[in-house]
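Q: Sequence:
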Amino acid sequence: MQNSSTVDENNVIHCPSANSWMATVEDCIVANQLNVAMFYGSWSEPSKVMYDMMVQQKKDFPNVVFCKLDIDEVKEATKMMAVRIVPTIVFVIEGKEVARVKLLMTPEVFKHKIVSFLPLQQS
1 MQNSSTVDEN
11 NVIHCPSANS
21 WMATVEDCIV
31 ANQLNVAMFY
41 GSWSEPSKVM
51 YDMMVQQKKD
61 FPNVVFCKLD
71 IDEVKEATKM
81 MAVRIVPTIV
91 FVIEGKEVAR
101 VKLLMTPEVF
111 KHKIVSFLPL
121 QQS
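Mapping the sequence shown onto the UniProt record's numbering, position 48 (from 1) lands on 48, and the numbers just tick up by one.
Worth flagging that the hints you see were computed from the coordinates, not collected in a lab.
Mixed in with the good hints there might be a few duds.
Claimed, not checked - Straight-line Cα separation of at most 20 Å, SDA-like style, residue types lysine to any residue; simulated pairs:
id, residue 1, residue 2
1, LYS113, LYS75
2, LYS59, GLU108
3, LYS113, VAL55
4, LYS59, ASN32
5, LYS59, PHE117
6, LYS59, VAL12
7, LYS79, VAL98
8, LYS111, MET53
9, LYS111, VAL55
10, LYS58, LYS79
11, LYS48, ASN10
12, LYS113, LEU103
13, LYS113, LYS79
14, LYS75, MET22
Please take these sequences and the hints and turn them into a complete structure.
A: Structure representation (structure tokens):
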């Protein structure tokens, strides 16, 4: 599957389609990496706050793959993942959703979630 994703200046992957996200997930499976995907709305203030937290977490966890999917661009993936509210953060290991958080969380909770899945990433 060809990956048409791009990486922004903060090393967060922008997935413009369901196929590009699936390709990113497949890359994570091969590399045994945790994928943290944010479904967001460009018009959503909570999404902007969550993105800023993702940028910080990317600095703290460079081996975790963070990506963002604009629900207005990726309607197929949004429907497939049953996303009904933004932001929605989906944690994926080995191609399977292992957790989901809707709306905002504190930076501490976000970091704790990531840390809780790192041992699974390496097993």
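Q: Are any of the numbered hints broken by this structure? If so, which, sorted upward?
A: 1, 10, 13
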